[in-house]
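Engineer: Spelled out, the chains give:
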Amino acid sequence: MRRTISFTLNGKPTRLAVDDERMLLWILRYDLGLTGTKYGCGEGLCGACTVVVDNETVRACSTPISEVAGKSVLTIEGLEHEGKLHAIQQAFLRHSAFQCGYCTSGMILSAYVLLQQTSRPTTAEIIRHMDDNLCRCGSHTRIVEAIQEAAGSKERG
Amino acid sequence: MSAQNKWKYEATEVAHGKVSRREFLGLTGSGLFVFFWAGPGEFFQEPARLPGRPSYPEDFNAYLRIGAEGRVTCFVGKVELGQGAMTSLPMLLAEELDVALDSVDIVMGDTDLCPWDMGTFGSLSTRQFGPILRKAGAEARGVLLQMAAERLHVPVDRLKVNAGVVSDSSTGNRVTYAELTQGKRIERHIGKVELKPVSSFVVHGKSPVRRDALEKVTGKARYAGDVLLPGMLNARILRPPAHGAVLRQVDTSAAEKVEGVRIVREGDLIAVLHEHREVAERAKALIKAEYDNPKVAVDDRTIFDHLLKNAPQPQVVDERGSLTEGEKLSTAIVEETYVNSYVAHAPMETHSATATIENEKVTVWAGTQTPFPVKQQVAEALQVAPEKVRVIVPYVGGGFGGKSASRQAIEAARLAKLTGKPVQVVWDRSEEFFFDTFRPAAVVKIRSGVDALGKLTFWDFKVFCAGDREAKPFYDIPHQRTVSAGGWFGENPAGLHPFAIGPWRAPSVNTNTFARESHIDILAGKAGMDPVEFRLQNLSDKRMRAVLQTAARQFAWKPAQKQKGLGMGVSCAIYSGTYVATMAEVAVDERTGTVQVKRVVCVQDQGVTVNPDGSRQQMEGSIMMGLGYALTEEVRFRGREILERNFDSYEIPRFSWLPRIETVLVDNPEVPASGCGEPPIVNMGAVLANAIYDAVGARLLQLPMTPARVKAALQRS
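Residue numbers (the numbering used here), protein chains in the order written: chain H, 629 to 785; chain P, 406 to 1122.
One chain only, chain H, in its complex shape:
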């Protein structure tokens, strides 16, 4: 059903008149041009489409837009602050914690939520939190190191 959905997107109030059964992923990508959020599996099994909704990770591919009404959505495009990379982005960059980069937005946003919830996660906590984000290139070891570094960074926002 077509209706108007209001939510906060990367800090900005957003109103969209859309078919409310459509998925957040495709609205972000096609209607709003925020293509940093990726399609990987369509069933919430891979994490490539991970975004943050009210400080929780959400799989945008299987989240109808109606579910984010009134909520706050953060995508990879909203993570930089005043033109400066977030500490997690910096750490991913420094460690080359990616290869093809297709899972990277989801990885970074999952890590963001982890560090919001646990300021100094142990390696076991990082692994548990990240386990449903898949990476086919095998950057796992660098991603864990990057998250550890970001957790230790003072700049973390």
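Derived by calculation from the structure, the hints in this document are not laboratory data.
Owing to the predicted nature of the structure, the values given are computational and were not obtained by experimental measurement.
Among the clues, some could well be false.
As the list claims (entries may be wrong) - If we take Cβ atoms under 8 Å as the criterion, some of the chain P residues that face chain H in the derived model are:
(1) Arg616
(2) Val622
(3) Thr623
(4) Ala626
(5) Leu633
(6) Ala751
(7) Gly803
(8) Asp1018
(9) Glu1025
(10) Met1030
(11) Ile1066
(12) Glu1067
For every residue, glycine included, the Cβ atom is placed at its ideal position computed from N, Cα and C.
Based on the hints, put chain P in the right spot on chain H.
Structural biologist: For chain P alone, kept in the frame of chain H given last:
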């Protein structure tokens, strides 16, 4: 077609030749059901064939351009799949051309801008293309020095170059490359120029920040599905339930009623298009289609017998000595059969493409490993001249061999032509599994022996359906024969494989290495020797001895150190000119059969290392990805139906599998840079099989080594 039908039928001619528009309309005019012959139903079911090869241009201008402002642009037909070619290839050019690395830009995988290239595969970006790029840089530098000598009125040998500035050592007079070329193409050529010796390298051996880093951590990196064009339609394509299934009848009437949807048909291609993917998907779900689905009896359990029965005639790859003589020398003979299942590429980015046609020029942005062959295929499918087609490859979200075949690009181009609008095709995950060109299931039979001194006596190796790459052993064996029947490259009889197969990261070599290195361990056991000691005793190849000994030191390999449920394994391999020794420690839970890999040490001699950190990324990635085909990954199928649909059943490695990974690069400046994107993955089957055996005494002969197979092997042991 009834007048009240809202949908527009766009096809004009059926490209693949079976049904003309008139016949089609005649058939469909009678009612709701559309009867038709799908035409060459197998058209898309074979992996794309590479067309005849043009060649790499000799003119260095094809590979580099010096801008008026002094920046250098490097043009290569290779693509960035994540392997880091975007970062390492400019290093090779900067090295020979004598320019600052950060003054070099790179354009990759654009068929209008870049010189022809066969494709990005085989760990060849550095090994094969490196020399081409270095030669181009060296010749350009030579010409620029001549031009500078004329400009400065001094002999060439008085000139030196630093960061694109040529200076006369005695007068201090100088001229820049940019001043010499003034943004123009360099018309002069001097032919073959000597490349720099390794000892003078200044760019090699550095690990610059990846060029794709900033775009990838900010979400700005664009992939084929991120190309959004005005008026673009999303296409969802009707797919058969199984390979070889022929569409008998289709009813699109309910789908047509979905507002704004366009349904297009051309031969075997039936697509639902809409601005929004979900709407197209919903409409597609309303299509009723019936297929004739020929029964094929084979499945993922019976496949190995099927392959042995139907494999093509074996070919002798290599033979020396006499197997009969070798048998006579043996005190122990071991005969064993090793098998592995079909494995999917499963890149995180599914096959994606966006196509548009403007002023008769077809532009396709495609996630592909083979832009130039795709250009040719699109031209053929659309029946236009190749120069009317431009393929642009943005970032590719993983390939691993699976994006050598790129039918999605052809689909997008055909649909753009049929609709007259830009069209995007992004496969869903089940399409990705369905159309994947799997690593072939394969069988290896080995019969071989050792003597009383622990020396290998003979080796009779037969590989079925994996291919013969690196099938020949590198151990010292006086009597040996290597035989191969069929492979991944398409030299197979029809019906051997129920679906498409193709190159999968280090094609042939994962299978051949698993078999050889497992068998070597069994023989070491027969000889009563430690597996590392046994290998060294049978190895004279210096490079292999060096990587193995380095691995043993790094790992602190200690023979016969027994702790229940914990084991260590070793495996050695050569691929793409690179030598690799891998050691692993595993914990095996005998109750559940699960294997946790605790630690992996990988030592690699790849000749000269261009980019050490880039190489390590490839090694780490290969190890992690290799855990999958070793432990869980296998494509289940029934006849020609693929049962894998998504990552819930097809399990790829995840964070909780992560072992401690240690990588060591053995410096070997005497050997030119060889491949590093694939070699380390090939050891992962055998190193874990050998470690599992060490841990619990169970010998796994089949990949993947799932908990059920570990438990079964424990019962046999």
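Engineer: Each hint needs a verdict: does it hold in this structure or not?
Structural biologist: Cross-check of the supplied hints:
1. Arg616: violated, 11 Å
2. Val622: holds, 4 Å
3. Thr623: With a minimum Cβ separation of about 6 Å from chain H (threshold 8 Å), the hint on Thr623/P holds.
4. Ala626: Since chain H brings a Cβ to about 5 Å from Ala626/P, closer than 8 Å, the hint holds.
5. Leu633: Holds: closest Cβ of chain H sits about 6 Å from Leu633/P, inside 8 Å.
6. Ala751: Holds. Min distance 6 Å.
7. Gly803: With a closest approach of 4 Å, the Gly803/P hint holds.
8. Asp1018: It holds, given that the least Cβ distance between Asp1018/P and chain H is near 6 Å, below 8 Å.
9. Glu1025: holds, 6 Å
10. Met1030: holds, 5 Å
11. Ile1066: Given a least distance of 5 Å, the restraint on Ile1066/P holds.
12. Glu1067: violated, 10 Å
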